[in-house]
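> So the chains spell out like this:
Number of protein chains: 2
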Amino acid sequence: MANWFCNNEPVEHVSISDRAFQYGDGLFETIAIREHKPRLWEYHVQRLAKGCARLRISMPDEDDLLQNLHDALRQGRAATAYCMAKIIVSSGAGLRGYGRNVAAEPAVFFGVFEATRQPQEFYRDGVNIVLCKTHLATKSVTAGLKTLNRLEQVLARSELTDSGAFEGLTLDADGNVICGTMSNVFFVANNKIITPSLDDCGVEGVMRRHIMTTLSEHELAVDIGTLHSTDLQDVDEVFVANSQFGVMPVKSCGDLKWPVGGVTQKVMSILADNGVVECGL
Amino acid sequence: MANWFCNNEPVEHVSISDRAFQYGDGLFETIAIREHKPRLWEYHVQRLAKGCARLRISMPDEDDLLQNLHDALRQGRAATAYCMAKIIVSSGAGLRGYGRNVAAEPAVFFGVFEATRQPQEFYRDGVNIVLCKTHLATKSVTAGLKTLNRLEQVLARSELTDSGAFEGLTLDADGNVICGTMSNVFFVANNKIITPSLDDCGVEGVMRRHIMTTLSEHELAVDIGTLHSTDLQDVDEVFVANSQFGVMPVKSCGDLKWPVGGVTQKVMSILADNGVVECGL
Numbered sequence: 000m001a002n003w004f005c006n007n008e009p010v011e012h013v014s015i016s017d018r019a020f021q022y023g024d025g026l027f028e029t030i031a032i033r034e035h036k037p038r039l040w041e042y043h044v045q046r047l048a049k050g051c052a053r054l055r056i057s058m059p060d061e062d063d064l065l066q067n068l069h070d071a072l073r074q075g076r077a078a079t080a081y082c083m084a085k086i087i088v089s090s091g092a093g094l095r096g097y098g099r100n101v102a103a104e105p106a107v108f109f110g111v112f113e114a115t116r117q118p119q120e121f122y123r124d125g126v127n128i129v130l131c132k133t134h135l136a137t138k139s140v141t142a143g144l145k146t147l148n149r150l151e152q153v154l155a156r157s158e159l160t161d162s163g164a165f166e167g168l169t170l171d172a173d174g175n176v177i178c179g180t181m182s183n184v185f186f187v188a189n190n191k192i193i194t195p196s197l198d199d200c201g202v203e204g205v206m207r208r209h210i211m212t213t214l215s216e217h218e219l220a221v222d223i224g225t226l227h228s229t230d231l232q233d234v235d236e237v238f239v240a241n242s243q244f245g246v247m248p249v250k251s252c253g254d255l256k257w258p259v260g261g262v263t264q265k266v267m268s269i270l271a272d273n274g275v276v277e278c279g280l
Numbered sequence: 000m001a002n003w004f005c006n007n008e009p010v011e012h013v014s015i016s017d018r019a020f021q022y023g024d025g026l027f028e029t030i031a032i033r034e035h036k037p038r039l040w041e042y043h044v045q046r047l048a049k050g051c052a053r054l055r056i057s058m059p060d061e062d063d064l065l066q067n068l069h070d071a072l073r074q075g076r077a078a079t080a081y082c083m084a085k086i087i088v089s090s091g092a093g094l095r096g097y098g099r100n101v102a103a104e105p106a107v108f109f110g111v112f113e114a115t116r117q118p119q120e121f122y123r124d125g126v127n128i129v130l131c132k133t134h135l136a137t138k139s140v141t142a143g144l145k146t147l148n149r150l151e152q153v154l155a156r157s158e159l160t161d162s163g164a165f166e167g168l169t170l171d172a173d174g175n176v177i178c179g180t181m182s183n184v185f186f187v188a189n190n191k192i193i194t195p196s197l198d199d200c201g202v203e204g205v206m207r208r209h210i211m212t213t214l215s216e217h218e219l220a221v222d223i224g225t226l227h228s229t230d231l232q233d234v235d236e237v238f239v240a241n242s243q244f245g246v247m248p249v250k251s252c253g254d255l256k257w258p259v260g261g262v263t264q265k266v267m268s269i270l271a272d273n274g275v276v277e278c279g280l
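First to last, the sequence lines map onto chains A and B.
Residue numbers for the first sequence follow numbering that gives the first Met the number 0, beginning at 0 and rising by one.
Residue numbers for the second sequence follow numbering that gives the first Met the number 0, beginning at 0 and rising by one.
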């Protein structure tokens with residue numbers, strides 16, 4: 000059984016002329032499959048559509064995407080009750096040079112993988128994170144999007160090797176916290192929940208959006224704010240979130256320590272009731 | 000005959016797990032082959048080594064690179080007296096997620112293509128360029144490098160479709176001119192030659208380096224400076240440069256017009272005597 004599919008056929012290779020390989024010219028989504036269904040599907044589709052519009056790539060038909068995803072899950076090498084899927088949209092076959100062949104169709108790839116189940120004590124006791132030295136470039140025209148240009152995350156992630164940390168926070172060049180290498184970050188201070196703006200850099204995670212939407216339905220606001228790394232010592236609670244693991248309390252970042260506080264627990268409880276089963280473990 | 004080679008074998012495909020495809024995790028060089036030899040080879044190797052160091056990818060052995068390049072030229076689908084070659088260094092086969100498999104070896108690919116010969120009148124009369132709306136993110140940790148994360152150049156280049164322009168200048172978000180989509184740019188003002196700093200974004204072209212080094216040997220300084228797009232109206236001459244076409248005078252950018260001036264002609268003449276045959280056409 001295969002991991003990757005394109006046009007419903009198993010694929011192990013892509014054309015060396017594919018522009019995703021040559022220039023990172025494309026987008027991707029990493030989707031949690033829960034009870035055989037893609038969680039937060041509409042948010043993934045909407046982010047992908049926004050990315051396609053920004054990158055001027057034709058957005059694949061949404062029904063086709065869902066059908067092909069289910070076909071990949073049926074054929075794929077994973078227990079699909081609880082797994083993860085990845086969709087890659089490349090701008091397609093390339094000419095030499097940055098200019099696209101305007102006649103080229105986007106190529107869409109569907110990957111199916113076993114999910115990584117995080118230990119229960121991570122949700123109960125929190126995880127250790129670090130500050131990454133790799134900073135994010137600012138004022139990016141692809142800010143917020145999940146493009147295939149991910150060198151900053153690769154470099155930031157490589158700092159974690161041997162650290163034992165669950166995640167690393169990336170800052171902009173001015174030292175403001177933006178997001179994790181694979182997650183978004185939330186801070187609790189004076190009972191207010193704050194998450195950094197992603198207008199200039201970073202990725203707008205679908206779980207971040209789900210948290211903000213769901214909490215607002217419970218009359219809990221999440222403010223978009225600026226938080227300098229030196230302000231971390233003044234926050235009361237920290238949690239990180241992504242599409243796969245849901246919400247995870249943070250218990251330390253370097254020398255700073257936090258409890259798994261009441262606000263984080265309340266957020267996890269609300270999320271557990273709203274489709275993020277991991278938060279209820 | 001093939002265009003692409005890896006380990007001296009023709010290749011048309013790469014593994015879908017290759018991190019260049021998944022994340023743009025790698026570097027490339029585009030090399031002019033002149034009289035069967037790679038022009039400015041040492042500069043290409045030095046930039047690649049700098050990129051490998053910054054990206055923490057093992058730098059391939061320089062002698063192997065040159066040997067494999069010559070093997071690709073011998074086997075490749077191009078008249079190798081005058082063609083172009085592309086070397087792609089990917090961080091290699093991937094795990095899922097941003098973290099690299101530390102045991103993975105870099106994968107190196109060699110492409111051989113016909114050169115694009117620019118019309119003689121471009122060198123004589125100059126070319127038309129435009130200002131791109133796509134701006135470059137600043138304070139990038141990969142500033143100066145030729146990584147496989149090239150979405151900004153792809154988007155900027157796509158603005159040129161139907162414009163008839165030879166090149167587009169990209170600015171940073173503050174409106175400072177940084178470089179072209181596929182070239183570096185030089186301005187002449189009050190008989191001084193200025194080229195933008197690439198410390199925060201942009202690509203340090205090998206031809207830019209060759210120009211600066213060669214001119215300094217002729218006691219002609221090139222200053223690294225800041226030039227806002229609104230200052231373009233005050234410059235006397237403009238030229239662009241890259242590894243393939245050498246130096247090309249610019250005659251217009253939107254409504255602004257410039258002559259092919261004496262400094263540009265002198266630069267072209269010096270370069271023509273220093274291995275850049277295109278400038279002597």
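No lab work stands behind these hints: they were computed from the structure.
Predicted model only: the values in this text are computed from it and were never measured.
It is possible that some hints are incorrect.
What the hints assert, rightly or not - Mimicking DSBU-like on lysine-lysine, the simulated pairs with C-alpha atoms at most 35 Å apart in a straight line are:
#1 B:K132 <-> B:K85
#2 A:K132 <-> B:K250
#3 A:K145 <-> B:K132
#4 A:K85 <-> A:K265
#5 B:K85 <-> A:K132
#6 A:K138 <-> A:K49
#7 B:K138 <-> A:K138
#8 B:K191 <-> A:K49
Unchecked claim - Partial list, derived from the structure: chain A residues whose beta carbon lies under 10 Å from chain B:
#9 H12
#10 D24
#11 S90
#12 G260
Every residue gets a Cβ at the ideal spot worked out from N, C-alpha and C, and that includes glycine.
> Now, for every hint given, state plainly whether the structure supports it.
Results for each hint:
1. B:K132 <-> B:K85: It holds: about 28 Å lies between the C-alpha atoms, which stays within 35 Å.
2. A:K132 <-> B:K250: 43 Å, violated
3. A:K145 <-> B:K132: 21 Å, holds
4. A:K85 <-> A:K265: Holds. K85 of chain A to K265 of chain A sits at ~30 Å (cutoff 35 Å).
5. B:K85 <-> A:K132: 32 Å, holds
6. A:K138 <-> A:K49: OK: K138 of chain A and K49 of chain A at ~17 Å, within 35 Å.
7. B:K138 <-> A:K138: 9 Å, holds
8. B:K191 <-> A:K49: 45 Å, violated
9. H12: 4 Å, holds
10. D24: 5 Å, holds
11. S90: 8 Å, holds
12. G260: Violated, about 29 Å.
Hint violations for this structure: numbers 2, 8 and 12, all remaining hints satisfied.
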